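We have chain A already, so just place chain B with the ligands on it with the hints.
Protein chains in written order, with numbering that gives the first Met the number 0: chain A, 0 to 384; chain B, 0 to 87.
Calculated from the structure, these hints are not laboratory results. Fair warning: there could be bad hints in the mix.
Pairwise CB distance ranges, derived in the manner of DEER restraints [unchecked claim]:
| id | chain 1 | residue 1 | chain 2 | residue 2 | range |
| --- | --- | --- | --- | --- | --- |
| 1 | A | R346 | B | V83 | 25 to 33 Å |
| 2 | B | T41 | A | A380 | 21 to 29 Å |
| 3 | A | Q367 | B | L78 | 22 to 30 Å |
One-sided excerpt, in silico: chain A residues whose CB lies under 10 Å from chain B [stated by the list, open to error]:
| id | residue |
| --- | --- |
| 4 | G14 |
| 5 | P144 |
| 6 | N174 |
| 7 | V204 |
| 8 | K206 |
| 9 | L321 |
| 10 | E323 |
| 11 | P327 |
| 12 | Y329 |
| 13 | E348 |
Bear in mind that the values here come from a model prediction, so they are computed numbers and not experimental data. All residues carry an ideal CB built from backbone N, CA and C; glycine is no exception.
Okay, here's what each chain looks like letter by letter:
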Amino acid sequence: MTAVDAERGGVRAIGAEAAPTRFARGWHCLGLSERFRDGRPHAVDAFGQRLVVFESGDGRLNVLDAYCRHMGGNLAEGTVKGDEIACPFHDWRWGGDGRCKRIPYARRVPLRARTASWTTLDQDGLLLVWNDPEGNPPPPEVAIPRIEGATRDDWTDWVWGETVVHANCREVIDNVVDMAHFFYVHYSFPTYFKNIFEGHVATQVMKGVRRPDVRPPKAGEGGRVMTGNSSVASYHGPSFMIDDLTYHYDTMDVECVLINCHYPIDANSFVLQSGIIVRRGEGMEGTAADETATKLAAFIAMGFEQDVRIWKSKTRIDNPLLCEEDGPVYQLRRWYEQFYVDVADVRPEMVERFEFELDTSRTTEAWQAEVEANIARRAAAGRPA
Amino acid sequence: MTVRRDDRLADGPGMRPVRCDRCGAGVEARKASWQQTSVQWTAAAAAACAERRAAPGGQDGGLFLGCEALRASITRAALDGALVVPDP
Ligand code: FES
Ligand SMILES: [Fe+2]
Chain A
0 MTAVDAERGG
10 VRAIGAEAAP
20 TRFARGWHCL
30 GLSERFRDGR
40 PHAVDAFGQR
50 LVVFESGDGR
60 LNVLDAYCRH
70 MGGNLAEGTV
80 KGDEIACPFH
90 DWRWGGDGRC
100 KRIPYARRVP
110 LRARTASWTT
120 LDQDGLLLVW
130 NDPEGNPPPP
140 EVAIPRIEGA
150 TRDDWTDWVW
160 GETVVHANCR
170 EVIDNVVDMA
180 HFFYVHYSFP
190 TYFKNIFEGH
200 VATQVMKGVR
210 RPDVRPPKAG
220 EGGRVMTGNS
230 SVASYHGPSF
240 MIDDLTYHYD
250 TMDVECVLIN
260 CHYPIDANSF
270 VLQSGIIVRR
280 GEGMEGTAAD
290 ETATKLAAFI
300 AMGFEQDVRI
310 WKSKTRIDNP
320 LLCEEDGPVY
330 QLRRWYEQFY
340 VDVADVRPEM
350 VERFEFELDT
360 SRTTEAWQAE
370 VEANIARRAA
380 AGRPA
Chain B
0 MTVRRDDRLA
10 DGPGMRPVRC
20 DRCGAGVEAR
30 KASWQQTSVQ
40 WTAAAAAACA
50 ERRAAPGGQD
60 GGLFLGCEAL
70 RASITRAALD
80 GALVVPDP
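Looking at chain A on its own, in the form it has when it is part of the complex:
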């Protein structure tokens, strides 16, 4: 649609351009790295292409375009031979740098025997790939920060999950600023909400309380009663969010790190992933932290399903109509756009610091009333709150 879609006869029109066919510049996580370390090549559909991921003999994880430049064989169906991936069609050997190293039946490798390769990083148990339509190497200042707990004994291992979503990945980014959906879609109760965008980082600070109409205050978890949560979640680039998340109980706090990340399959689908680790310690002895991590992972998977149900049936919208209790959707999208233009075209307003603190006085009042009405309705129907 053009700019003239705003209003006709007082009717608000929804404007939406097609989703971009370009894929974001930035680090993308393909999942737990150990999954790719089984000596076999793996096919991954990402950035509108089919990729092959393989561990070479030297222990490096490599990502190449899956289709062999010789006659189009699928390298993901090939075999790892030493430091190279061998094509199943005529055994051409491709190195992690994208160069054909050897053709066993030929005297020499032809000129131009180079395929597309992606810079990879195996960090904190996760395989990250650098995508850049301009083909530049990753600048150090956009490196994904280390997650301390991921390699420490006093934290659990990752509990990882993923799901394919048939929508453009901007939908998941919008969640960064969408406070109200946390109440209506995820049945949580935010009481504090602030966004900060600066450089390549977009942050959401959120505090919330337990909803007694959804989670009755039963003393299920080892006698503890949950009271609320605090979360500081930052996207480092277009697709990788680290959330320092604490669940508050009457007697203790449970510290977690939650990863919420994705990679685009194509313009209209993406793989949404989550990972969680939980800190061991007082009240979290033995296997308690591992059990909590598993439980929380199931809870997060449910949260994804709640989002997916909305995304499946909603329409793409470039001109959301906002009330003052909504977050800074436009400023978030202005930030997000920096990953879809050439580096030379990144404008100051895309990266300059912007802060937005939401007024939660009205939302808290409205939601408190709704929670109480839900409890009263259930009591009247003779069911326990």
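This is chain B with the ligands only, laid out in the frame that chain A set:
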């Protein structure tokens, strides 16, 4: 992917210049209510902010939650009427 304009900036108060009483950093701010605040920084303002410089990681891009002195300056601007806060 052209990013459009937030109608709230036209329909409610706009972003207005505010200067930090402590370091002199010039930002644009908006208050849709007494509890809501938007702050648009520039690179120059971020470089001038004394609290940001002092904060751990404030310079190397670590998370800086916000400047208290600037926050107080914005509140003062709202109380002075320099920032118009719509009636509830
Ligand atoms: S197509 Fe790959 S070796 Fe021939
Ligand atoms: Fe959501």
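Evaluated hints:
no.	hint	verdict
1	A:R346 to B:V83: 25 to 33 Å	28 Å, holds
2	B:T41 to A:A380: 21 to 29 Å	56 Å, violated
3	A:Q367 to B:L78: 22 to 30 Å	29 Å, holds
4	G14	7 Å, holds
5	P144	9 Å, holds
6	N174	18 Å, violated
7	V204	7 Å, holds
8	K206	13 Å, violated
9	L321	6 Å, holds
10	E323	4 Å, holds
11	P327	7 Å, holds
12	Y329	4 Å, holds
13	E348	8 Å, holds
Violation of the numbered hints given earlier is confined to hints 2, 6, 8; the remaining hints are satisfied by the structure.
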